[in-house]
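Chemist: For reference, the chains in residue letters:
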Amino acid sequence: MSYPQSATDTVVKSKKAVNKNKKKIKSEKVIPYLFILPSFLIILGFLFYPIATVFYYSVQHYDVSAPYYNGFAGLENFVNIFTQDKMFVPSLINSVKWVVAEVGLQLTFGMILALLLNQTFKFRGFVRAVAFIPWAISGVLASVMWSMMFNEHMGVINDMLMKVGLIDEPMAFLASTSTAFGAVVIAELWRGIPFFAITLLAALQSIPNELYEAANVDGANRWKSFIYVTLPQLKNTIVLTTLLRVVWEFNNVDLIFNLTGGGPAHSTTTLTMYIADLAVHGSNFGYGSALTVISFGILLIFAVLYLKLSRYEKE
Amino acid sequence: MFTKNKKMDRILTLYLPLFMMLSFTLFPIYWTINTALKPEGDIVKRPLQYLPANPTVENFVYSWTNIGFATFFKNSLIVGISTVIVVLICSTLSGYALARYQFKGKRSFLLMLLCTQFIPRSMMIIPLFIIFKNLGLISSPLALIITYTAIEIPFTTILMSGFISNVPKELEEAAMIDGCTKLQSLRHVVFPLLLPGIVATGVFTFIYTWNEFLIALMLTNQQSKFTLPVGLSSMLGEFNVNYGALAAGSVIALIPAVILFAYAQKHLVNGMGGAVKG
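Top to bottom, those sequences are chains A and B.
If you read the first sequence in full-length UniProt numbering, its first letter stands for residue 1, the second for the next number, and so on.
If you read the second sequence in full-length UniProt numbering, its first letter stands for residue 1, the second for the next number, and so on.
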């Protein structure tokens with residue numbers, strides 16, 4: 001009695017299902033686009049559009065405090081930078097010094113820390129977490145900490161150096177042209193070691209143990225197996241992390257801004273610090289944009305050359 | 001003799017250098033806490049106190065209520081939590097699309113995400129200021145939430161797509177064969193497995209917003225809207241710095257970041273190391 005009814009039921013159902021499936025296939029095609037749409041729009045509107053406007057403003061006179069001059073400038077901003085700006089070349093030299101010192105020191109100490117943490121010992125997980133803490137600390141916070149330690153009157157670094165007899169009276173490390181740069185470098189080094197330690201540790205853990213055993217059989221000591229086994233295995237990681245870090249440190253001004261503000265006598269003014277100062281305290285956005293475009297160009301050329309010369313991902 | 005040598009070797013190649021690195025890492029944090037606990041007069045007094053002789057919490061009370069760290073804290077919290085929510089929704093969706101679907105333009109989208117990683121953040125402060133000035137959003141938390149979301153999405157999308165790829169597709173299909181709808185299988189099968197990854201992504205996003213300085217400085221000009229980094233920076237820039245209150249404010253800003261970091265740091269080596277390795 002109920003049999004035929006249910007049979008038609010099934011037929012109807014399956015027809016519906018086929019229709020549904022057709023619809024489903026169509027909607028399946030749209031789904032990924034719907035899913036990436038919000039991310040796509042936000043990136044387009046608030047990352048790519050702003051960058052595009054930097055290029056636009058760089059060929060404009062755009063000064064908030066002198067709006068009657070505003071308008072197309074051609075290459076005037078760029079010409080002024082290269083011919084009249086007394087800050088441009090010194091700040092570029094400071095940028096190079098800053099990047100080389102930071103990336104070199106951070107890589108060295110980050111590698112040492114990664115090698116230490118890759119050994120087995122008690123409480124390794126805890127020690128690792130503690131060693132990586134500066135990664136989570138902001139540039140401003142690090143600036144506050146180190147400015148208190150470098151301070152002439154209450155600074156613990158002065159106190160320690162006097163106790164061991166290296167200096168006779170307290171120094172104003174951040175206010176003297178001979179020490180300010182080094183002081184900021186140390187503070188940023190403190191914050192930057194974990195980045196390399198974290199990435200290198202991850203790479204170290206993926207090196208197969210057999211390689212070390214083989215080197216051991218061949219009579220390699222610890223130093224030799226580091227040079228001939230570890231370093232070649234880490235090469236791609238090192239190339240990529242140093243490149244990322246160069247870009248990052250070139251653009252990083254949090255510590256310089258807060259510890260010295262670029263002083264004393266511009267001895268710590270990097271190109272990015274110069275731009276940040278123009279943007280925050282100045283009003284000539286056209287000129288600032290032109291400087292930004294130049295620094296972007298420098299980074300781009302560097303990145304391409306670096307990847308080429310280091311033969312990234314080639315043996 | 002042999003074991004003694006081995007012990008010596010271990011001290012020289014492991015414990016001693018590790019101790020030195022950890023001291024370098026921890027001392028600035030210790031010194032900040034030490035300074036925060038000293039009464040005003042003791043901070044500059046010589047000889048310096050390596051342990052506070054008269055520990056007090058007056059600096060904490062003062063910076064929280066009188067200087068406005070309660071407000072800065074609240075502002076940072078609003079910006080941080082809102083950004084985390086928006087970032088998680090957007091990057092879970094786009095991460096899911098990347099992990100589970102083949103579609104035209106997928107490679108271009110991935111390339112676009114990678115390109116953003118080379119955009120200097122400092123490059124954006126001038127155009128962002130102009131954009132948000134035109135939108136009338138200077139000093140609004142909305143400006144920071146939108147900007148931070150845009151900056152974080154590329155990295156978190158790649159991170160989330162990695163986490164989602166790790167959940168076997170078969171589990172999802174099995175749930176649907178068992179009669180779950182797509183949404184139900186996502187809700188009851190995928191989501192619980194994904195939760196640790198979602199939390200780690202949220203924590204990294206939160207720490208970024210909690211610490212970001214230059215953009216917040218550029219887009220905020222009212223003290224009542226300062227986030228913690230901008231508040232700390234303005235205090236540090238004053239002519240007569242109140243170091244006790246500044247140190248206390250720093251400890252206040254430090255605590256949430258360190259707690260969240262302690263929770264998520266296990267994922268850091270796997271997630272960030274993995275992302276850099278490619």
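Just so you know, the hints here were simulated from the structure itself, not pulled from any lab data.
Think of the CB as a built atom: it goes at the ideal place given N, C-alpha and C, for glycine as much as any other residue.
A hint or two may mislead.
[Stated by the list, open to error] The following label-pair restraints were derived from C-beta to C-beta distances:
1. A/Phe302 x B/Gly105: 54 to 64 angstroms
2. A/Asn216 x B/Leu114: 49 to 59 angstroms
3. A/Val164 x B/Phe19: 38 to 48 angstroms
4. A/Ala52 x B/Leu114: 12 to 22 angstroms
5. B/Gln102 x A/Arg311: 31 to 41 angstroms
6. B/Gln102 x A/Lys224: 19 to 29 angstroms
7. B/Phe19 x A/Tyr212: 56 to 66 angstroms
8. B/Gly41 x A/Ala52: 54 to 64 angstroms
9. A/Asn70 x B/Phe19: 23 to 33 angstroms
10. A/Ser176 x B/Leu142: 18 to 28 angstroms
[Unchecked claim] Listed next, the in silico BS3-like pairs over lysine-lysine satisfying Cα-Cα at most 27 angstroms (straight line):
11. B/Lys169 x A/Lys29
12. A/Lys122 x B/Lys74
13. A/Lys235 x A/Lys163
14. B/Lys182 x A/Lys122
15. B/Lys182 x A/Lys29
16. A/Lys97 x A/Lys224
17. B/Lys4 x A/Lys163
18. B/Lys266 x B/Lys169
19. A/Lys86 x A/Lys235
20. B/Lys4 x A/Lys122
21. B/Lys169 x B/Lys182
22. B/Lys266 x A/Lys235
23. B/Lys45 x B/Lys104
24. B/Lys266 x A/Lys29
25. B/Lys4 x A/Lys224
26. B/Lys104 x B/Lys6
27. B/Lys106 x B/Lys182
Chemist: Indicate, hint by hint, whether the structure satisfies it.
Modeler: Hint by hint, here is what the structure shows:
1. The hinted window of 54 to 64 angstroms between phenylalanine 302 of chain A and glycine 105 of chain B is violated, with their beta carbons roughly 30 angstroms apart.
2. Our hint of 49 to 59 angstroms for asparagine 216 of chain A and leucine 114 of chain B is violated, since their Cβ atoms are close to 39 angstroms apart.
3. Between valine 164 of chain A and phenylalanine 19 of chain B the CB atoms are about 18 angstroms apart, so this pair departs from the stated range of 38 to 48 angstroms.
4. Distance hint for alanine 52 of chain A and leucine 114 of chain B: a CB-CB separation of about 18 angstroms, consistent with the stated range 12 to 22 angstroms.
5. Hint check: glutamine 102 of chain B to arginine 311 of chain A, Cβ distance near 32 angstroms, so the stated range 31 to 41 angstroms holds.
6. Between glutamine 102 of chain B and lysine 224 of chain A the C-beta distance comes to about 47 angstroms, which lies outside the given range of 19 to 29 angstroms.
7. The beta-carbon spacing between phenylalanine 19 of chain B and tyrosine 212 of chain A, approximately 25 angstroms, falls outside the hinted interval of 56 to 66 angstroms.
8. Checked against the hint of 54 to 64 angstroms, the C-beta distance between glycine 41 of chain B and alanine 52 of chain A comes to roughly 55 angstroms, which is consistent with it.
9. Taking the beta carbon of each, asparagine 70 of chain A and phenylalanine 19 of chain B are about 60 angstroms apart, not inside 23 to 33 angstroms as hinted.
10. Between serine 176 of chain A and leucine 142 of chain B the beta carbons are some 43 angstroms apart, a value that contradicts the proposed interval 18 to 28 angstroms.
11. With a C-alpha separation of about 18 angstroms, the suggested pairing of lysine 169 of chain B with lysine 29 of chain A holds against the 27 angstroms cut-off.
12. This hinted pair does not check out: lysine 122 of chain A and lysine 74 of chain B have alpha carbons roughly 40 angstroms apart, beyond 27 angstroms.
13. Using a Cα cut-off of 27 angstroms, the hinted pair lysine 235 of chain A and lysine 163 of chain A is violated, with the two alpha carbons roughly 43 angstroms apart.
14. About 46 angstroms separates the Cα atoms of lysine 182 of chain B and lysine 122 of chain A, which puts this hinted pair outside 27 angstroms; it is violated.
15. With a C-alpha separation of about 15 angstroms, the suggested pair lysine 182 of chain B and lysine 29 of chain A falls inside the 27 angstroms cut-off, and the hint holds.
16. Between lysine 97 of chain A and lysine 224 of chain A the alpha-carbon distance is near 31 angstroms, which puts this suggested pair outside the 27 angstroms criterion.
17. A threshold of 27 angstroms between alpha carbons decides the hint, and for lysine 4 of chain B with lysine 163 of chain A the separation of about 34 angstroms lies outside it, so the pair is violated.
18. A C-alpha spacing of about 25 angstroms is found between lysine 266 of chain B and lysine 169 of chain B, which places the hinted pair at or below 27 angstroms, so the restraint holds.
19. Taking the CA atoms of lysine 86 of chain A and lysine 235 of chain A, the gap is near 40 angstroms; set against the 27 angstroms cutoff, the hint is violated.
20. Pair hint lysine 4 of chain B plus lysine 122 of chain A holds up; C-alpha atoms about 19 angstroms apart against a cutoff of 27 angstroms.
21. Between the alpha carbons of lysine 169 of chain B and lysine 182 of chain B the distance comes to roughly 12 angstroms, so the proposed pair stays at or under 27 angstroms and holds.
22. A threshold of 27 angstroms between alpha carbons decides the hint, and for lysine 266 of chain B with lysine 235 of chain A the separation of about 24 angstroms falls inside it, so the pair holds.
23. Under the criterion of a C-alpha separation no larger than 27 angstroms, the hint pairing lysine 45 of chain B with lysine 104 of chain B is inconsistent with the structure, at around 68 angstroms.
24. For the suggested pair lysine 266 of chain B and lysine 29 of chain A, the alpha carbons sit about 37 angstroms apart, so the restraint of at most 27 angstroms is broken.
25. Simply put, lysine 4 of chain B and lysine 224 of chain A have alpha-carbon atoms about 24 angstroms apart, close enough for the 27 angstroms limit, and the pair holds.
26. With a CA separation close to 60 angstroms, the supplied pair lysine 104 of chain B and lysine 6 of chain B exceeds the 27 angstroms bound.
27. Between lysine 106 of chain B and lysine 182 of chain B the alpha-carbon distance is near 22 angstroms, which keeps this suggested pair within the 27 angstroms criterion.
Comparing the model with each numbered hint stated earlier shows that hints 1, 2, 3, 6, 7, 9, 10, 12, 13, 14, 16, 17, 19, 23, 24 and 26 do not hold.
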